[in-house]
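Undergrad: The listed protein sequences derive, respectively, from chains A and B. The letter at position 183 of the first sequence is residue 182 when you use numbering that gives the first Met the number 0, and the numbering goes up by one with no holes. The letter at position 124 of the second sequence is residue 123 when you use numbering that gives the first Met the number 0, and the numbering goes up by one with no holes.
Hints in this document: simulated from the structure, not taken from any laboratory. It cannot be assumed that every hint is accurate.
Covered stretches of chain A (in silico footprint by chain B; criterion: 3 or more residues with CB under 8 Å from a CB of chain B, positions within the stretch not fixed) [said to hold, decoys possible]: (1) 74-88; (2) 111-117; (3) 146-160; (4) 178-187.
Calculated lysine to any residue pairs in the SDA-like style (CA-CA distance at most 25 Å, straight line) [what the hints assert, rightly or not]: (5) A:K78 <-> B:D172; (6) B:K148 <-> A:S120; (7) A:K78 <-> B:P140; (8) B:K47 <-> B:D105; (9) A:K163 <-> B:D172; (10) B:K47 <-> A:G83; (11) B:K154 <-> B:Q194; (12) B:K148 <-> B:R89; (13) A:K78 <-> B:K154; (14) A:K78 <-> B:Q194; (15) A:K78 <-> B:G132; (16) B:K148 <-> B:P75; (17) B:K47 <-> B:L104; (18) A:K78 <-> B:P75; (19) A:K78 <-> B:R85.
Note that the structure is predicted; figures quoted are calculated from it, not measured. Built from N, CA and C at the ideal position, the CB exists for glycine as well.
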Amino acid sequence: MNAGWPHRLVDALLLVAGLAAMVWMGRHLPNTTENQAPFAIRGKMDEAVRARTFVARVERVELARTLVVPGLLSTQPPKRIETGGVWVLVHARIDPLREAVSPAGARLRSRGGVSYTADDSRVDLRYRLNGGEVMPGEVGRGVLLFEVPPRRIAGASLLLREAKYAGELDSELEIDLGLTEARVQEMLRAMPDALALRRTP
Amino acid sequence: MLSEWISTHRWQSWLLASLAVIAVAIAWRMGGFREARPQAPPVYGPGKTLVTGEWTLQVLSAAITDAHPAGLRAPPDGAFLVVEVRAENRTDRSSNTLSNALRWLDGTSADKEPVLQGETGDQALLRAPPSFGATVHPGIPERVAVIWKLTPPVKPLTSVRLRVIGREFIRRDSLTGHRGWLRPYPVAELVLPVQDRRGTGVAP
């Protein structure tokens, strides 16, 4: 070997270290979805939690096995809507601050990170909060409906954001629903077999 | 000229040769020398449970009807092909992309991509009660109707051939950097007998 071999060894080690760093960065640096994820603002039930464009308050949570929704016409019989899981009804209030707000991106996230979008196809728009727009000066009060397996209800939190921008680089409320294991068991025991949905006043 | 360079740069030559051997070994390990031609997917009948990346699917039956499951009326002399599927969402979030997982290979329009040819359903909806859109939630299996509109004249059909399409979860897409279910691939093909229920007024 010639006299420069220690330098060459250092160069080779640096090259290997550089390649290893590239592989590590490729695997561990956040992807675009994570980089543009909304900013979480945490809150609790019965608290007014402020996002960039609205203030939300979760008033109560109910569970039901079946929902009963009145027919579209008064002559039509009520419709029973079953689920393979449990209906989680989150009663919430939304006050827009500056612009119309649509809470269409509402989700319920389990303790393990599995997320359930608010129902948008089984129940008529008149009986749910997500779907329409709430104008500034109006109070959007209504229910967000989720279908969730019973084992994923405890520890779940409500994620609420303005739908217009899909939450990217915007604020997203993460509201703890206070669903401890004991409370969920109690709610499941007391859960009505069928719950009649009423139109939001 | 090359032999002269090799004789004067002995250790660099060894290094380059070693790197080349390592590169070939890595390419071989990653399947770079495997046969490139995609193998034909297996063919099954109704009721076979298939696991794709996103879904566990059991395609149950197929029928032609003029009574849409959600109550829509077929155009004069038109009909609907309704495929009943039991679907379970295997991902960590609710999904409404089930109709992308099934392609009807005998459909009138075909995709250009050869491995993904076929026509996706015009609509998917949940049964019990029927409703537009089919959002399937993790951990809650659903019966879903995937529906294709058949424009008149409707040819007689005794069987349909469907291709089940899976997608891979990519943590960082090389084009946009977003994560998602991408890179579709054929999982299997299904040949289903078709019941003709036109004129009965009963949705399948």
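Undergrad: Does the structure keep K148 (chain B) and P75 (chain B) at a Cα separation of 25 Å or less?
TA: holds (12 Å)
Undergrad: Hey, K78 (chain A) versus G132 (chain B), does the alpha-carbon distance stay inside 25 Å?
TA: holds (18 Å)
Undergrad: Are the Cα atoms of K78 (chain A) and P140 (chain B) separated by 25 Å or less?
TA: Given pair K78 (chain A), P140 (chain B) holds - Cα atoms ~21 Å apart, limit 25 Å.
Undergrad: Holds or violated: the stretch 178-187 of chain A covered by chain B, criterion of 3 or more residues with Cβ-Cβ distance under 8 Å?
TA: violated (count 0)
Undergrad: Count residues of the stretch 74-88 of chain A with a Cβ under 8 Å from any Cβ of chain B, then say if the count reaches three.
TA: Holds, because 7 residues of the stretch 74-88 of chain A bring their Cβ atoms closer than 8 Å to Cβ atoms of chain B.
Undergrad: Mind taking a look at whether chain B covers the stretch 146-160 of chain A? Criterion is 3 or more residues with CB to CB distance under 8 Å.
TA: Since three or more residues must qualify, the claim that chain B covers the stretch 146-160 of chain A holds, with 5 doing so at under 8 Å.
Undergrad: When you check the alpha-carbon spacing of K148 (chain B) and R89 (chain B), does it fall within 25 Å?
TA: The hint is violated at about 28 Å.
Undergrad: Quick one, are K78 (chain A) and R85 (chain B) close enough, alpha carbons at most 25 Å?
TA: Distance ~23 Å between K78 (chain A) and R85 (chain B) Cα, so the pair holds.
Undergrad: K148 (chain B) and S120 (chain A) were given as a pair; does the straight-line alpha-carbon distance stay at or below 25 Å?
TA: holds (20 Å)
Undergrad: Is the Cα-Cα distance between K163 (chain A) and D172 (chain B) 25 Å or less?
TA: Status holds; Cα separation ~24 Å.
Undergrad: Is it true that the CA of K154 (chain B) sits at most 25 Å from the CA of Q194 (chain B)?
TA: Since the Cα atoms of K154 (chain B) and Q194 (chain B) sit roughly 13 Å apart, the hinted pair holds (cutoff 25 Å).
Undergrad: Test coverage of the stretch 111-117 of chain A by chain B using CB-CB distances below 8 Å; three residues minimum.
TA: holds (count 5)
When held up to the earlier numbered hints, the structure conflicts with 4, 5, 12, 13, 14 and 18 and fits the remainder.
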